[in-house]
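In case you want the letters, here they are:
2 protein chains.
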Amino acid sequence: MARPKEFDRDEALRRAIPVFWEKGFAGTSTEDLVRAMGIGRQSLYDTFGDKRRLFLEALRAYNADGVAAIMKRLRAGPTALAAIERVLVELAEARDGARSLGCMGVNAVCELARDDDEVRALTATSAALLEAVLKDAIDEGRSRGDIGRGIDSRAAARFLAATLSGMKVQAKAGASAEALRDVAAFAVQSLRPR
Amino acid sequence: MARPKEFDRDEALRRAIPVFWEKGFAGTSTEDLVRAMGIGRQSLYDTFGDKRRLFLEALRAYNADGVAAIMKRLRAGPTALAAIERVLVELAEARDGARSLGCMGVNAVCELARDDDEVRALTATSAALLEAVLKDAIDEGRSRGDIGRGIDSRAAARFLAATLSGMKVQAKAGASAEALRDVAAFAVQSLRPR
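Those protein sequence lines, which keep their order, are chains A and B. Sequential numbering of the first sequence, starting at 1, is according to the working numbering. Sequential numbering of the second sequence, starting at 1001, is according to the working numbering.
Warning: the hint list may mix true and false statements.
As the list claims (entries may be wrong) - Mimicking DSS-like on lysine-lysine, the simulated pairs with C-alpha atoms at most 30 Å apart in a straight line are:
(1) A/K51 with B/K1051
(2) B/K1023 with A/K23
(3) B/K1072 with B/K1135
(4) B/K1023 with A/K51
(5) B/K1023 with B/K1072
Claimed, not checked - Footprint (simulated), chain A over chain B, 3 or more residues, beta carbon under 8 Å:
(6) 1019-1029
(7) 1100-1114
(8) 1120-1132
(9) 1137-1147
In short, the hints are calculated from the structure, not lab data. Remember, it's a predicted structure, so these values are computed and weren't measured experimentally. By construction, the Cβ of each residue, glycine as well, lies at the ideal position given by its N, Cα and C atoms.
Start from the sequences and build out the full structure, keeping to the hints where you can.
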């Protein structure tokens, strides 16, 4: 009996991410996935289920990577506010160069969130984690004094998460790096002690 | 010779907007449009060109309406800051009730902006107008003192536009009205005189 070719499941999943990111869920064909992932159609179905299951898994991995990257930068210091500024400015600088793909998470929300409970649930989990990570950084900044002590850290975390989403949409819409840097600077300024 | 049934062009265009808004460009079929617009397929092509031309026209009308509504609220006072607060809070409150459709403009950016120059150009026009309208309100608030005089009004306008986009994405992702009110309150707070 023929044995299916072995492949690295995680590696195959990683290769599906840029396809969904660029083309969206509806715009991605099984053929696109098979080509990018370097596996056969049957292996795809056997390993990941259908296109929707694969999309949800890719989105979960993408979101987890995004929050992990932000968490890492927030821990790199030197202060909480400087680290937050770096997260925002890097998003603005990333705008230079190629046309923005935007954010796969934001794209997925816009394309699917209204009718897809799983996309919403998965996004809510990731948003709650991002909010907690940002809140921790803000609390640390408040206790050290680089962020205003009078600031409500939960509200500020929600606000920063909205700013990140908004900047991603603006970047994809073609906003200049200068305009995005303005947004980043204003958001950072709003956290400083008064 | 049979004469095509007369219809109101603008009314037909208005009826296409909710279809594209809900289903996106790729997800909308000509059949969906014909049904919603109450016109025949041939009238649709004769009057609006193809689906893409109709989509661009619908998006332009949607964006123009959105900016006009914000402009109207900003002029309603009583102060510039109070009016800005109302624009943001109304967006947060609109979250209650039915599942959010999000914003057709943001949806269009996420679905199409990377590869569609016309969607990007049309979005840039509308974003520049929104920025100018917000900047005027901020300048007025600065001169009257309800907004901090030290604030860079162009940066603040870009920041508010990013906040609006971010809140729309969060609303569609299922954020609570409470979380959105936090974002609105924080953004407003950042404009106050220090």
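To see whether the hints hold, each was checked on the structure:
1. A/K51 with B/K1051: Since the Cα atoms of A/K51 and B/K1051 sit roughly 27 Å apart, the hinted pair holds (cutoff 30 Å).
2. B/K1023 with A/K23: Since the Cα atoms of B/K1023 and A/K23 sit roughly 16 Å apart, the hinted pair holds (cutoff 30 Å).
3. B/K1072 with B/K1135: Holds, at about 14 Å.
4. B/K1023 with A/K51: holds, 19 Å
5. B/K1023 with B/K1072: At roughly 29 Å apart (the allowed maximum being 30 Å), B/K1072 and B/K1023 satisfy the hint.
6. 1019-1029: n = 4 at 8 Å, threshold three: holds.
7. 1100-1114: holds (count 10)
8. 1120-1132: It holds: at least three residues are needed, and the region 1120-1132 of chain B offers 4 whose Cβ sits within less than 8 Å of chain A.
9. 1137-1147: Per the Cβ count (0), the hint is violated.
Checked against the numbered hints above, the structure violates only hint 9.
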